[in-house]
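Start from the sequences and build out the full structure, keeping to the hints where you can.
Protein chains in written order, with full-length UniProt numbering: chain A, 1 to 326; chain B, 1 to 326.
Derived from the structure by calculation, the hints contain no laboratory data. It cannot be assumed that every hint is accurate.
When chains are identical, the list treats them as one kind, so a pair holds in a single copy or across two.
[Stated by the list, open to error] Calculated pairs, DSSO-like style, for lysine-lysine (alpha carbon to alpha carbon, straight line, at most 27 Å):
{"hint": "1", "residue 1": "K38", "residue 2": "K106"}
{"hint": "2", "residue 1": "K106", "residue 2": "K83"}
{"hint": "3", "residue 1": "K5", "residue 2": "K148"}
{"hint": "4", "residue 1": "K172", "residue 2": "K256"}
{"hint": "5", "residue 1": "K60", "residue 2": "K83"}
What follows is each chain in one-letter form.
There are 2 protein chains.
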Amino acid sequence: MANIKEIARMSGVSVTTVSRVLNHHPYVSSDKRAAVLKTIEQLNYSRNMNAVHLITGRTKAIAVVLPHIHFFYFSVIMDGLAKEALLAQYRLILCQTNYRPEEELKVLDMLRNKEIDGVVIVSTALDPATIEEYTEYGPIVTCQDSGKRSFSSVYIEHYSAFRHGLQYLVDKGYRNIGYCEGRRNGSSGSIRQSAYKDFFTERGLAVHSEWMLFDCLTEEDGAAVLHRLLNMKERPDALIITGDHVAAGLIIEAGKYNIRIPEDLAIIGFDNQPIGRLLGLTTIDNQLFEMGAAAFRIILGQINGDVSTEPVYQKLSYRIIERTTV
Amino acid sequence: MANIKEIARMSGVSVTTVSRVLNHHPYVSSDKRAAVLKTIEQLNYSRNMNAVHLITGRTKAIAVVLPHIHFFYFSVIMDGLAKEALLAQYRLILCQTNYRPEEELKVLDMLRNKEIDGVVIVSTALDPATIEEYTEYGPIVTCQDSGKRSFSSVYIEHYSAFRHGLQYLVDKGYRNIGYCEGRRNGSSGSIRQSAYKDFFTERGLAVHSEWMLFDCLTEEDGAAVLHRLLNMKERPDALIITGDHVAAGLIIEAGKYNIRIPEDLAIIGFDNQPIGRLLGLTTIDNQLFEMGAAAFRIILGQINGDVSTEPVYQKLSYRIIERTTV
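See the structure below:
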């Protein structure tokens, strides 16, 4: 890039004016600002894009906060984000934080430091109030239901979806229903735990806390669930499992022990993963790809000012896909 | 950020000098450059990081080129990259290109435009000669064996690994060996096709081109392979499959048709995926996580000048994990 004096000379403005444009100083006439930007555009031989970002005030980059990219749930949301980002010629900065709050705060600081145009938070260890402190610096979209906050969200109603799954099992005649969850203290997980307890309490039934199984994150955790069940005195006859790959692990392990699905144990999963389709797994499709795509569209609209910068709360629908495990 | 005049005044240098530092002009004394950088550091209230990047010449960001983030192979390499990036406090820009060469070139242009400090190419549609044209702009590392090029690479020897798999099947008594591949024209796929043909030709055996099955990318493609086999007049008695999730799809589908594994069909996979472990799948572990981690360490070393900027060619080992499907 040419130096600032050269830009000033070619634009017919002072060095101070160029400097003001560079620094987003408000007291620059729009004519002069346009002249400077045009000169920069013309001088784009071997340009340094950091200078361009400095000048345009746009980085065309969005940060994505998630804990583990290789988990199906997150990688499919990322795929939805990435397909839209490619269309819009935006860049996604993957911030794999492993739920470390200090790393998540660093990403939000990037927004404050104008390194990025917005942040999509797929899953977080931060509480919504902390996230709200950053909304003055630029658009933020979360992929979980955080209520009516000063940032946007795209979400499915986990409470309702989970109860829907329980009701489906009850309608099919199951009464002893267990529950496999990923993180005990996760945001969606906490909602589902409430849904589970409320569902049985409302019906005057006992809540079997020993049937609430946590830390079920991988296929192998699913296989381990079978052994936890086999060691129980009183077993559930149906399970609702948050993650088809976890359910797949359980089903494969059950096959080795001649536990029949659904006769001995009915299973309903979440996520509608390919492995679940192959295993005939009944599941709740929660539109993960669409969640990522929608999050990107909302944030892009807010960056471009196409839509109001008021927060958007987009609820996605879910549906039960009936197959053969219930 | 303060404006340039202010930085000049505080640093005790001219506006021209500040501008030269900003633009990486060579004719600035190191004293003056240090004074300017120190002032910027002190003025870091509400700083614009794009200005900092412009000044330091470092973005602390690396672009990662891959086709589809939600495929296990790529998401595990990305996990390896992301864990190292977090340690180094670097940012990864995910460029999901779907193998579109024009998009991949745009990422390389980011390197030329100094928007990033380096590029990791996990899988690409570009030929190595095209990538070489960009090595003058900064470090590039590929995760495939491209020979001794002017960019670095981390790879396993697919030719040798694949032949190793074939030899393992032959040693176990199998003679009619088929092969399931992802992309017909992919870089690693082409190498494996040569390995397959060479292996049989060298032994004076026929190469059954009808047993070379392409476009096997997903679990469901694996299930479809079973049906392709069932429709064959003469079937292979063993398969080598590039991707444990594809093999898993085939095994699950085989269970529905009472095809016994390995008695009716032996299977060896690639990638050592969790679903393969559960199914007792014999597989070739090609160290995907380590591939991502190593790619990051190489590029970081080159950015920081800790190592020579000469290209590094790091070969990772592979190993056959013996389970029950052969």
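To see whether the hints hold, each was checked on the structure:
no.	hint	result
1	K38 x K106	between (34 Å within a copy, 23 Å between copies)
2	K106 x K83	both (25 Å within a copy, 16 Å between copies)
3	K5 x K148	neither (49 Å within a copy, 44 Å between copies)
4	K172 x K256	both (26 Å within a copy, 25 Å between copies)
5	K60 x K83	both (15 Å within a copy, 24 Å between copies)
In the structure shown, a violation is registered for the earlier hint numbered 3 alone.
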